[in-house]
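Peer 1: The primary structure of each chain is shown beneath.
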Amino acid sequence: MKKLIQFKNIVKEFDGQLVLKGINLDIYENEFVTLLGPSGCGKTTLLRILGGFLSPDEGQVLFDGTDICDLPPYKREINTVFQKYALFPNMNVYDNVAFGLKIKKEPKDVIEQKVKRMLKLVGLEDYGQRRVNEMSGGQQQRVAIARALVNEPAVLLLDEPLGALDLKLRKEMQHELKKIQQEVGITFVFVTHDQEEALTMSDKIVVLKDGEIQQIGTPTDIYNEPANEFVARFIGESNIIDGVMVQDKEVVFEDKHFACMDAGFAPNEKVDVVIRPEDLDIVPKEQGKLKGVVKSVLFKGVHYETIVETRSGTSITVTMHVSEGKPVVNTEAGEKMSANDFYLDIEDIAELNEAGIIARADAQAWDATTEDWISIHKVEYEIKPEIGTYPVTFSTKAGTMVSAQMFVREANRIASKEYEEEIYAVNFFKKVDEIKESMALETDLRTWANASAWSLEDDSAVEITEVEYDFNAETIEPGDYKVTFKTEGYEYMVDTTDKHEVGEVVGLLFGPEDLHIMSKKGSY
Amino acid sequence: MKQFRNMALPYIVWSAVMIILPMLLIVMYAFTQKGNDVLTFRITLQNFVRFFSDPIFLEVLKRSLWVAVLTTALCLFLGYPVAYIIAQADGRKKMLLVLLITIPMWINMLVRTYAWVGILQDKGLINTILGWFGLGPVSLIYTDFAVILGMVYNFIPFMILQIYTSLTKMDKSYLEAASDLGANKIQSFLRITLPLSLPGVLSGITLVFLPAVSSFFIPKMLGGGQYVLIGNVIESQFLTSGNWNFGSAISLIMAVLIMISLYITKKVDKNGQSEGGK
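The listed protein sequences correspond, in order, to chains F and R. So in our numbering, spot 86 of the first sequence is number 86, and the numbers just go up one at a time. So in our numbering, spot 177 of the second sequence is number 177, and the numbers just go up one at a time.
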């Protein structure tokens, strides 16, 4: 096969932002090449440079060996199918398709022959006299393809041409496009953000991200051997686990050694291990290479998407003291007032102020009849940076008073070496009514307990994915309750045909060929 | 919906009184003889017979139509390139240019026309400047040239804005597609831009032709007393001769002529579309 198009170090900048950061890419004759990537990755920009609608700031585009950067679109042997088709509304289907040939001043009978043949190819031979805006999206799409192909270009560019069609039509057009490409035997350069579309149609996929090529390869290559985490995630949902390559064909993750097929990494190099959900099997726990608990099962039409947790995340448990807690009533002034006791970290005392105390104690005062809020006028407290119990009194201008206790304790945090993260939460006091009235209990519990988790490596926030508690918010009675906050553990997504019960202990089985090792560095 | 319909009632009454009633009065005057009172109508076609049998009036009508057609054509040929340039300009420049086109319209038309009198008259601006070079004086005012100039000057913004709007509404991807299919800039313009801007051109023509054909104070001020167009005839029937019946009849004839021309314009517009457009 012959190299037809060569991109050489293409750089493009818009308003000071680098959209393409040095693209090098060869496209061969008769290839179906797909530029795949999320929006903003530069795929459309690259296509427009090839079409001649943009010129690169740096680099060369070679077409058959000659630089075409300065060639206007109408002088290139390339035609484009535009995103929204851009069919000329002032012409009918026939005239749209004939446009390019008329411009080239081909004889009338030749034009007629070619247009008819092309309309036949796209299955619209009886639609020549139709107005373009009387046609459906799929039909307009076909007209756009016919209009481009009738000029017998060496390359056809397609800019997300199926984006505007519904799912069923899109599937149909995918097959049709592939068929047309094989029939006319020219190079197709196709742009999409839909990985499924790319996998079904292409001979070669070019995965782009932030103006850089992540990987070039056949659909099978890209799917089975993604070059990095981005490609793996973009191409399909996948399990990506941190691991260490101890030596060639041996990888460690979850403290266990596994055989794999990959080699060529530095000894003890940190890697990402990719396992496709369909490559994992759920087996009885004694037969599995890993053991875990089924966390959730989702039916996906043809299979079940089962999440198996092999290790739970970092967790912390706090006590919630629930009291009946009727508000203090001042009949003379017609005011009501309430406040909760609260726990305080010893290290927070230095920064403590009145507003902080009011917030922590959730101190409130309101008019007994109108329920309008009344501001708290005075906060009296005495506190020492030592472990102990200290009183605080809140009062309004009218003299209504309420007191609460401040319990100063060591910070309640738990670190996990395994995940290199730390989780923090405090015990807290609440009233029955506050819990009953909570609209989003898990979020409120997180706020009340001041729960948070962060990575010990870089201090970035870690999400608390689970909140467990042992009470029913509707019927809660005064007393002490346990609340547990948890971060995400090691979870594996498995595609299964059998339905497993949530809570079932199972084993996970995989072979050396199912482990795909990727470098952490992210280049290909 | 019912209550909203009721809210429109005052407007309907207002329209009936302020729009339909005057029209009916014009029709009534046109078909009756002078000297009517409310009770006695003497229905007649005499007013129309008088107009069509007098070669002077027909001559005036012909001249009015000719002036209007010439004005419209000049507005189109001068206005289209301007509209095209504005549509091509980017951001701030585009806003500025649109503003420059619209600003004169904020000033009363009469005042602007007076300004031209000052520029064109025998001792006016142009002749003064020519005098410095030992040229002229050239007689500019009270000529066909002055009248046409005044009309084009006053009405060209309508043409430019209509064409500009239809050009900016056009999807840029059509031009990219044309270029992609091998058309150079001129071919793209002739085959895509021009046909797609036709609706704007047609409404521009309508907006210029209508005031041009019935204008009376531009010919009066820039053409002088002897330069009579149909608008001037109508004006004098009402204001000087006091023959409201004849004036109304001429107005009615003009209204019919305008309606016919509007109908033709619409027809052309439709045909343009049935070739495959929106």
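Bear in mind the hints are in silico, worked out from the structure with no lab data behind them. The C-beta atom is built at its ideal place from N, Cα and C for all residues, glycine as well. Be aware that one or more of the hints could be misleading.
[Stated by the list, open to error] Below, computed lysine to any residue pairings styled on SDA-like, alpha-carbon distance capped at 20 Å:
| id | chain 1 | residue 1 | chain 2 | residue 2 |
| --- | --- | --- | --- | --- |
| 1 | F | K520 | F | D221 |
| 2 | F | K105 | R | Q187 |
| 3 | R | K172 | F | L47 |
| 4 | R | K267 | F | K520 |
| 5 | R | K185 | F | D221 |
| 6 | F | K84 | R | K267 |
| 7 | F | K84 | R | S236 |
| 8 | F | K102 | R | K267 |
| 9 | F | K75 | R | T168 |
| 10 | F | K102 | R | T168 |
| 11 | R | K185 | F | E112 |
| 12 | F | K108 | R | Q187 |
| 13 | R | K172 | F | K520 |
| 14 | F | K84 | R | K172 |
[As the list claims (entries may be wrong)] Stretches of chain R that chain F covers, calculated by requiring three or more beta carbons in the stretch to come under 8 Å of a beta carbon on chain F:
| id | region |
| --- | --- |
| 15 | 175-185 |
| 16 | 189-196 |
Peer 1: All hints, please: hold or fail.
Peer 2: Each hint, compared with the structure:
| no. | hint | in the structure |
| --- | --- | --- |
| 1 | K520/F - D221/F | holds (19 Å) |
| 2 | K105/F - Q187/R | holds (12 Å) |
| 3 | K172/R - L47/F | holds (17 Å) |
| 4 | K267/R - K520/F | violated (69 Å) |
| 5 | K185/R - D221/F | violated (44 Å) |
| 6 | K84/F - K267/R | violated (30 Å) |
| 7 | K84/F - S236/R | violated (59 Å) |
| 8 | K102/F - K267/R | violated (28 Å) |
| 9 | K75/F - T168/R | violated (27 Å) |
| 10 | K102/F - T168/R | violated (27 Å) |
| 11 | K185/R - E112/F | violated (25 Å) |
| 12 | K108/F - Q187/R | holds (18 Å) |
| 13 | K172/R - K520/F | violated (43 Å) |
| 14 | K84/F - K172/R | holds (11 Å) |
| 15 | 175-185 | holds (count 9) |
| 16 | 189-196 | holds (count 4) |
Checked against the numbered hints listed earlier, the structure breaks hints 4, 5, 6, 7, 8, 9, 10, 11 and 13; every other hint is satisfied.
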